[in-house]
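Visitor: Letter by letter, the chains look like this.
Number of protein chains: 2
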Amino acid sequence: MIIDIHGHYTTAPRQLAAWRQRQIASAGTPYREPLVITDDEIRETISHGQLRFQKERGTDLTLFSPTAGGMAHHYGDEETSRQWTTTVNDLIHRVCSLFPDNFVGVCQLPQSPGVSPANCIAELQRCVDEYGFVGCNLNPDPSDGYWTGAPLTDRSWYPLYEKMVQLEVPAMIHVSMSCNPNFHGTGAHYLNGDTTAFMQFVLADLFKDLPELKFVIPHGGGAVPYHWGRYRGIAQDAERPPIDELLDNVYFDTCVYHYPGVRHLVEVIGPNNVVFASEMIGAVKGIDARSGHYFDDTKRYVDAIQGLSDADRHKIYEGNALKIYPRLARRLA
Amino acid sequence: MIIDIHGHYTTAPRQLAAWRQRQIASAGTPYREPLVITDDEIRETISHGQLRFQKERGTDLTLFSPTAGGMAHHYGDEETSRQWTTTVNDLIHRVCSLFPDNFVGVCQLPQSPGVSPANCIAELQRCVDEYGFVGCNLNPDPSDGYWTGAPLTDRSWYPLYEKMVQLEVPAMIHVSMSCNPNFHGTGAHYLNGDTTAFMQFVLADLFKDLPELKFVIPHGGGAVPYHWGRYRGIAQDAERPPIDELLDNVYFDTCVYHYPGVRHLVEVIGPNNVVFASEMIGAVKGIDARSGHYFDDTKRYVDAIQGLSDADRHKIYEGNALKIYPRLARRLA
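Sequences listed follow chains Y and G, in order. Counting from 71, one number per residue, gives the positions in the first sequence under our numbering. Counting from 71, one number per residue, gives the positions in the second sequence under our numbering.
So that you can see chain Y by itself, here it is in the shape it has in the complex (with noise of 0.2 Å):
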């Protein structure tokens, strides 16, 4: 079994869209038009969409949430994210009804600049328990572009881990849409959050105060395993413990969208913290003129790594997976 963690409703129908611009636009103000979409809306722009591109290039399954860019926690107030995220995660919650054997639930959480990432709590466990949602995607920067808040290792972050672990769901740290000119969103934001995010993790302790904590960094890890060597000097000169340590909890997929960029991540991280992923249809969406492939094809490059036992890149397809995320395990088995 082919397990793709990484995937966003990028299709979804563009009512969609337009109500949350009518959404953001009277943010302040109690906003109660019903989102219409229709079962069959759904089913158009996932069959020609995600579940077309499953079939097409040999994956099975998709951890499946609302798009990462238009989490855009900056917009509004805490109720306006509150409105927005159980909106979204209700429409993956569609989805993953309609196509059960192909797409499982993880959910947006409704964070907000200022506002304590404990009062995602509910959310979170509305998605787990009434939708079967298996993970969720944590945006270290509600602020979307000027980092504002506090690291991920802050205390104010841990009410938040806590019902992680006792619900048994790992999060994706995942930035959403930058307001800040200097950084692109999926070519510059995306990147450095996953980086930061990273490093934030080899200065604290919170893996010690949170042992079953499981995190993923998408993208590949960002810039870190191109600079592991960097990472375990830093880590090293700070006297903190070896970086390898932190590969008990936080794990890096397999979104990086060229063949040497997959087999270094594989290579430097090895295959007990590598899951595959491809992100498709989101960051880049295009066939590459030069392969005739897409380049977020991801699963070309893992199968085109050699010397990899069956055993390893069974790892990277299903094993890990299962891994992190028991509740997706429990409903497999």
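Worth flagging that the hints you see were computed from the coordinates, not collected in a lab. Glycine is no exception: its CB is placed at the ideal position from the N, C-alpha and C atoms. Any given hint could turn out to be false.
Stated by the list, open to error - Not the full set, but computed from the structure, chain Y residues with beta-carbon under 7 Å of chain G:
no.	residue
1	Trp217
2	Phe253
3	Ala258
4	Leu261
5	Ala293
6	Gly299
7	Arg300
8	Gly303
9	Ile304
10	Gln306
11	Asp307
12	Tyr327
13	Pro330
14	Gly331
15	Lys355
16	Phe365
With the hints as your guide, set chain G onto chain Y.
Guide: For chain G alone, kept in the frame of chain Y given last:
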């Protein structure tokens, strides 16, 4: 000849840091205390520091500039930054005058948040004309971690760029310290700055406007070579020119502190755009307890790359540096 294009005077006598502390404390009022450091003190720090490593590692010449983390452009106001910048540039000139065979100067610029980059021209000109410096360090985020200024492709930078072209000096794009608690300096802000700058170049016509402008992106280009396929794809999706075209103007240094990373850099970017550097004694000072070698002894990694022709290795060690820094080439001729 082996040229290390990335060295900072991190070993400066301690009077410098103390002077700077007092200067910052007096920001807003003229600070007139002279910095007193003797030639012997400079000789001592260099002989036991960067010069010793040059000899031990078998490199010949270092392009030498003030400490990057110490630029700290956010402190005080424009005048604070100008005084600090002229002070440290003067100090670099003294190092280079005392060790003319081993160190060639690269200047800091007196940037300040919200102040026009054009105001850096006079100091750049002074360092090039009077001191024979061959390059400059350009901070893409003078706010030091909050990214409140304009992207590097904004027209406000153009007067400085035009002067760089006229003087035939390139810039290394190098952030300084981070005062944002989310970003560790050398473990996050440095790499994020590199990644961010490259993506800004992907999106704009800067090098069409200024075809002679040259930049070095340090630390192996941040996350860029590891995600080269992502950048190729984003550029294609955005109908931008192929990113290979940026390689007429943009170079990546080898400050990547493990062998697989340096090998990946050379494989993906190619020997025409990789330029040798170590940033010793800098971000990662320690000896790797596993290998017994310094993490930042990047020559070992370049030497270890198999299948690199002598001609290509020569480009990385010398040829590309002479191409990027024509004033260095003329001086060595």
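Visitor: For every hint, state whether the structure bears it out.
Guide: Against the structure, the hints come out as follows:
1. Trp217: Holds, because the Cβ-Cβ distance from Trp217(Y) to chain G comes to roughly 4 Å (cut-off 7 Å).
2. Phe253: Holds - the Cβ of Phe253(Y) comes within 7 Å of chain G, reaching about 6 Å at its closest.
3. Ala258: Status holds, d = 4 Å.
4. Leu261: Holds: closest Cβ of chain G sits about 4 Å from Leu261(Y), inside 7 Å.
5. Ala293: holds, 4 Å
6. Gly299: holds, 3 Å
7. Arg300: holds, 5 Å
8. Gly303: holds, 3 Å
9. Ile304: Hint holds; Ile304(Y) Cβ to chain G Cβ min 5 Å, cut 7 Å.
10. Gln306: Constraint on Gln306(Y) satisfied, holds at 5 Å.
11. Asp307: Because about 5 Å separates Asp307(Y) from the closest Cβ in chain G, which is inside the 7 Å limit, the hint holds.
12. Tyr327: Interface hint status for Tyr327(Y): holds (4 Å vs cutoff 7 Å).
13. Pro330: With a closest approach of 5 Å, the Pro330(Y) hint holds.
14. Gly331: holds, 5 Å
15. Lys355: Holds. Min distance 6 Å.
16. Phe365: holds, 4 Å
Going through the hint list in order, the structure satisfies each hint without exception.
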